Structure formats: C-alpha cells, structure tokens
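Novice: Those sequence lines, one after another, are chains A and B.
Quick note: the first sequence uses full-length UniProt numbering, first residue 1, plus one each step.
Quick note: the second sequence uses full-length UniProt numbering, first residue 1, plus one each step.
If you're looking for bench data, these hints aren't it; they were derived computationally from the structure.
It is possible that some hints are incorrect.
A pair holds if it fits inside one copy or across any two, identical chains being indistinguishable in the list.
Stated by the list, open to error - Below are the EDC-like pairs computed for lysine to aspartate or glutamate, each with C-alpha atoms no more than 20 Å apart in a straight line:
| hint | residue 1 | residue 2 |
| --- | --- | --- |
| 1 | 439 | 9 |
| 2 | 229 | 279 |
| 3 | 229 | 406 |
| 4 | 347 | 279 |
| 5 | 356 | 203 |
| 6 | 229 | 203 |
| 7 | 72 | 58 |
All figures in this text were calculated on a predicted structure; none of them were measured in a lab.
Number of protein chains: 2
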Amino acid sequence: MQIWKDYQEKNKDKFLNELLELLRIPSVSARSEHKKDMQACAEALKTRLQEAGADKVEIYPTAGHPVVYGEKIIDPSKPTVLVYGHYDVQPADPLNLWHSGPFEPVIKDGKIYARGACDDKGQVYMHVKAFETMSKTNTLATNIKFLIEGEEEVGSPNLATFVKENKALLKSDVILISDTALISLDTPSMDVGVRGLSYIEVEVTGPNRDLHSGVYGGAVANPITILAKMIASLHDENNHITIPGFYDDVVEASAAERKLMAEAPFSEEEYKKDLGVNELWGEKGFTTNERTGIRPTLELNGIWGGYIGEGAKTVLPSKAYAKISCRLVPNQTSDKITEILINHLKKIAPPYIQIKAELHHGGEPYMTPIDSNGYKAAAKAIETTFGKQPIPVRGGGSIPICALFEKELGVKIIFMGFGLDSDNLHSPNEKYDLANYYKGIETIPYFHKYFAEQ
Amino acid sequence: MQIWKDYQEKNKDKFLNELLELLRIPSVSARSEHKKDMQACAEALKTRLQEAGADKVEIYPTAGHPVVYGEKIIDPSKPTVLVYGHYDVQPADPLNLWHSGPFEPVIKDGKIYARGACDDKGQVYMHVKAFETMSKTNTLATNIKFLIEGEEEVGSPNLATFVKENKALLKSDVILISDTALISLDTPSMDVGVRGLSYIEVEVTGPNRDLHSGVYGGAVANPITILAKMIASLHDENNHITIPGFYDDVVEASAAERKLMAEAPFSEEEYKKDLGVNELWGEKGFTTNERTGIRPTLELNGIWGGYIGEGAKTVLPSKAYAKISCRLVPNQTSDKITEILINHLKKIAPPYIQIKAELHHGGEPYMTPIDSNGYKAAAKAIETTFGKQPIPVRGGGSIPICALFEKELGVKIIFMGFGLDSDNLHSPNEKYDLANYYKGIETIPYFHKYFAEQ
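Please put together the full structure from these sequences, using the hints given.
Specialist: Below is the structure:
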C-alpha cells in the first residue's frame, strides 16, 4: 500500500529516534535497583501509544512491575488483534564485554547496538509504529489492543493474575507476538512453537565457614567439587539428560516434521565459525536444529563459589552455587520438570554436604497450528513484503505466558518475529538490524489487513 | 625468668595495642589496590623493630612488595637466629560473612578478631615483642635477625631472588618461624613439616560470546558443564586423585609415624561438630590427620562462570573459570606437579572447548628433623612454659620458601607456631586468642636462651 510506504518513508528518522530513546532506559526487571527505570519505561510507552493513536492507555500496577495496556476499537464487529510484548530487558553483565554502553545505543554498520534493541523493545516498538502508520492514514482494518508487560525476562510471575482478572479487557481474536527470529531477510520463517522453561538455583554447603585449604583440605568435602560432580552426572556420554522421568512426557516430533526441518537452509560450518567453536556438542541422534527446537535441554546459566577475585586465595569454601535451567517441549510441564529436577539433585547430593534447590521461574511450552486464520494472515503478510513464503520453524527460546494466554483467552498465538539468532540476545552487544526493524514496520500492517479480510 | 615476666606484665597493654595498630593496615598482597598499604605496613614494622632494640633496620624493595630486614648482633661468635615471618595477609572476602570489619580489630571473649590476627601479623609480632623483652632487659643470648616479607600469601615470588642475593646478610644458625598451629594450649605441639603447593587457574572457553540459552542451548558445549565434568573426574570414587603420575614421588609415611599420629588427641565427633558437617570426606585408607598431614590433596579454591547476580539470566556463557590448588608432600615437587596437572587438564579437555591453564604460584614441601639443636631448644622452651613436651605433628599448610631457605642458607627451619586450627585462617572472622599471643611472647625468649646454651 503506497499510503503506508509514504508515511513510513517520511517518518523513518522519527521511528528510529523514538526507539533509541526507549533503549536509553535501563529497564532491567531482575534487579531491584531498576524499579524506577521500569516505571519510567512504562510511562514512555504510554505516551508513545497515545501519540500513535490509541483511544485509551493505562498503566496497571501489579505485585511486580507494571503492565502497559492500550487500545483502539474502531468497530466492535471487526476482529480484534491483541499485540503482546515486553519492555523489560535482561541484565547487561558482563559489562566489560560490551563495545559501547548497553543503555547508550549506537548505530554501526546499519545495526542498533543496545540491550533490548531486539529483545524486545525493538520488536514491540515495530507494532507501535505499524499501528501509527495505519492510524494516521485511517487504514486500520482491525481493532487493536496492546499488552506490554515488564516481567517477561523474569518469567512473568504476575501476568497470569492480570490476565485472569482482565479477560474482558483482553478479549481478542488472535494474539500477535514479535519476540522471535527469522532465519534471515532472504529466508523468512515463522516460529510455530516456543519451548517451556524451568529455572532453578542450587546452593551446596560443605563446612559451616570458609576454611584454610591446607589445614582442612583433603578431610572435608569441598562444595565446589561436590557440585561439579553433581552437575557432571546430569548428562551421560551421549549428552542425554540422566534425570529419571525427564523425557517421559516428551512428544516426539513426527518424521515429517523432522524431514521439513532438515530442509531449512543451515550450514554447520558457518554456524561453528560464527560461534568460534571447533566442534558442536549435543544430544546424540539429533541435528543442531532439532537440538535447539524439538528437544528439551538442561543448561548451566551460572556457577560460583570460593575465591573469584584477582590472584590466589587458598580457601576451601563453605558454599558453592549454580543456576540451572531446562528448556521444555510439548507435553512437558514446568511444574513437573522443576519437581523432578530438584528432587533428583537432592537425591544425588552426598551426605557430606547440605543442599538447597529452589525454583526461580518457569513457563510452559507452546505450539501453534499452521492452518489457523492468524498464521495464514501472517504468512501472507510476509509473502507480500519479502516476496517469499515463510518457513515454519520451532524456536528454542521461551515466552512463558503463551500457554496461559491460550487457556484463559481461548485464542491462538502467532509468532511473527523479525530478529536474527545472531542478535546477541541476553548477551553483550545485543543488536537489531535497521533493515529488520523497518521490514517489521512495513509487514505488520498487512497482517491486520489480511486478518480482517478473512 | 622473673625479669622477663615482669617486663611483659608491665607492657601487656602496649604489646596488644601495637598489634591492633598493625592489624588496621589492610596489607592484602594479592590485590594491586593495596600497594600503598603494603608499604605502610613495612614502614610500621621498621619503626617497631627499631623501638624494640634493633641496631639496623632496612626496607628492601623487590620486584613485588618490599622485604623488612632487622638485626641486633650482640657478639659475632654467638649463634644467630633468623626469624622469618610475613606482614601480608589473605584477601578478606567474602566480606558479608565477617561479624566486624576485617581491618577494624575487635576483642571479644579474649580473642582478637581481624584479618592477619594470627596469620601472620600476630605470630610475627610475638617475636618482635619477645626480642624487645630480651633487649630491654639486656638478656639477649643470641644474635637475632628478622626477615619479614610481604608476599607469602601469593607464594613468595620475589623472596628467592632476595635470599640468593643476600646470603651473607641472612647468615644464621637456625631459622625460626611462627606461622603454624598448636593442637591446643593444653596439648602443645610442633610442626615437623609443611606441605608444598601448586596453585593454578583454569579458563575454559566455549562459544566466542555469551549466548541465549534457549536459542543455542543443547547445540553448543556449555563451558560450565564441561569444566564441571573435568573437575569431577579429578577424584575417583575413593577420593584418590586420578591424575596419572600424581602420587609417583610421594614418600609414604612410616608405620611408626602413622602410629604416633594416631596417638595425638583427636575427636572426630568434635571435629565434625566444629565444622557443621554430618560426614567427613577424604582419601580412602587414611585418617583425618593423615589426610591433612601426610597426603597430597587437590582442592577447588574458586569457580565462576555465567550469570552470578540476583535473579535469573538465561545465558549460555562463553567462559568458565576455576582456581585449583594441590598440597604436596615429600618428595613431590611443585614444578613437576604443576606440569602434570596442567597437562592432564589439557589432555582431558574435549574438542568442543578451548582451555588455558596457568600457574599462580608454587612451593616445595619441607620436613625438619626432631633431633636438631633448633628443634630441641624449641621443645625445651615449650616444656618450660607449658609444662609439657610438644607433640611433633605434620602441618597441612604451606610456607613456600622453607625448602629454598635450607638450600640457600644451609640451616634447618624450626616451626614454633602458637595459633590454633580453629583460628579461621584465610576465612572470615580470623582470630587469635590473647592467651596464645602472650604465651608465644613468654615462650620465645627461652628458645634463644636454650639455643645459645647448646
């Protein structure tokens, strides 16, 4: 539509500058010291939604960080699209590995570098600007609702309550999310599933205080050594997870789906080169795409204990800690896997040490069918602007709230992501390509148009 | 000797206050930000040695922290005692576990709480005050030399050069060190050996950057998992160290020595209760005292990698690190064990990751005979003030410079320590009992007297 193109071309710089402003707010949900930044970020989004044309925008407090809600109802008889996204970001550490400040966005080689550039401020803001495009040109074909939360990166602990208490407010015909990736601008793809998550923290205590490793070493269990032995035992020689019952509920992907996955363009050599590794690692019997898509995993996200400063300290520490998370596939459930994992760790803990293991957060896996109206509208929108049909793929990440959305609101979720796997999500130097940002803004209005036409 | 007793009784408070002043200087050798404190501590010791009666005191610069040297030569034909000690201390972390500031000494229940209270400022200062006692009462029976270094806690990297270049200055008939422990004031003991040390740091690199654990987890080796597997493999199910060649040079203790060790008072129940553990851990076939005395060990002193802050971050980290140290017994050598350890780690490192392993510092084990003039003088001194013969024991800790002292200076080293194993050396809330401090000051002059009489 020429009218959209013209509006977007004219406002290109404004679309970018507004995003950069949003990226300057360090809205790290995991850190209590950023509480004020979270509020500031919610306020900024409220203003932008109002300017874009929303009739009603509210900041709803929760037990944690606030939810931003906005809507424009053009005609109650028309279909309603609920756009979900999040304004919170992952912590930026390790800071020393960033080439520029995580909250001082810079543009280099056509890419925006900042924490949240892609995940998810950049992607959620495409929807605000696509909405503005339709609203300012009087071409909005659907009702539109925005639900932008501030706790996605910490497992959405308060969103379920908000959704349950506001079903009428959130009533819609489809939920549209841009928080996933494309294979590339040349090879568009759409996620048809996201994995679930169980994230726990483990504390192993040996002696009741830090000890001199010469005086006591060799006679008292070292909690680091014990924790290492426990961690080492969680994968066998084929990199299968050894926890009894872990795979019990896994729905194996069909031969047809695995065949389709194998056809997606993938170069193991390029993948290894990009990551700087000589050999890939993973569960025997599965390809790389299968390992990150259709298989559950167990990863160490952090470990610490003893002296970790400069130089040497001959200490036998009292405690060692680890953060461990599992990605889950259909039909695994977060509660069950968390329980299995914690119980297993307690069971294998030797009598020399004490162990504490606690849930940080969890979320269920989610799959969306490829024959729904929403999926078809999104695929057609992508075909319109990319000139190619998107390939359906399974995403490796998690959007914990998806399963609950479908259960409570009774509608399907469509993942129309415009990021790239190489965007350094959750890592130093997160980036978002300007080309992907603008491509998203260009594509999204077609989704609304095609969804309304069905 | 009544004259000593009187002098010490009269100066009791002064002896304590001067030590507290010394403890207020945060002389942490491992941390470059304490360079000025190291110099200040050396200056303070210089002043105190001069006040105590030394004829000559010098601060010698080294490539690292300075060495403090002091002497009083009463008669070149009399025997000379070289007192060795160190004014540097271990880092104080974890700070949150201290009940009072590590460099704000407090006295509670008859104990001085501060970093370095026992190791080694408290113990080295006993010698300064014992020297003052003899000097001010004109009863010094030997020549005395002080060599107080500032790098013991980082492996004495520059002391060997200093010793080799100053053999004439350091010429003596015996070296006396108080940097070890007694079983208790009721059961005096003397160390007849200290263990050697190999301290290394390991860096394991997986992918070239931190990754999103959902997008990449399961397909790329996690350096924490790999490091844990490597650490786990270093001890077998009997807690023997699995590194090929590790035990090759170990001189097994004789049945007679093991029998003698078994006779030293030791309550496993009290030991476990003091440490707060339900079960002890250690090499099969050896008792607790053997494990910490006559056997080599491998301990994890620190581990870190990934996200270690508050809350959750779903990262698959690029790197994981560990600090590992081995305690060595006769005739193991630090160079050989370090080489064996590093080569073994490189050999077992799987092809998915890169590994770097580097020496922090090392030191040789050392044994002293119980029939030397020095040992006999020390035993007699202890018998005089404790009313009991000391039990010879093997210490678990390390004083890296001992083997070099004997090689370069050609004299035996005597360990006359007054600390307790429960002094929380290298740990939060390090302490030194006032009773032990004063007992040391009382006992040391007898050593000089008896050594001169031989």
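Novice: Each hint: holds or not?
Specialist: The hints, checked one at a time:
1. 439 - 9: Classified as within; 12 Å inside a copy, 86 Å across copies.
2. 229 - 279: between (24 Å within a copy, 17 Å between copies)
3. 229 - 406: Answer is neither; intra-copy 41 Å and inter-copy 41 Å both fail.
4. 347 - 279: between (33 Å within a copy, 16 Å between copies)
5. 356 - 203: This pair counts as within: shortest intra-copy Cα distance 5 Å, inter-copy 27 Å.
6. 229 - 203: Both, since 14 Å and 18 Å are each at most 20 Å.
7. 72 - 58: within (12 Å within a copy, 83 Å between copies)
Consistency with the previously given hints fails for number 3 only.
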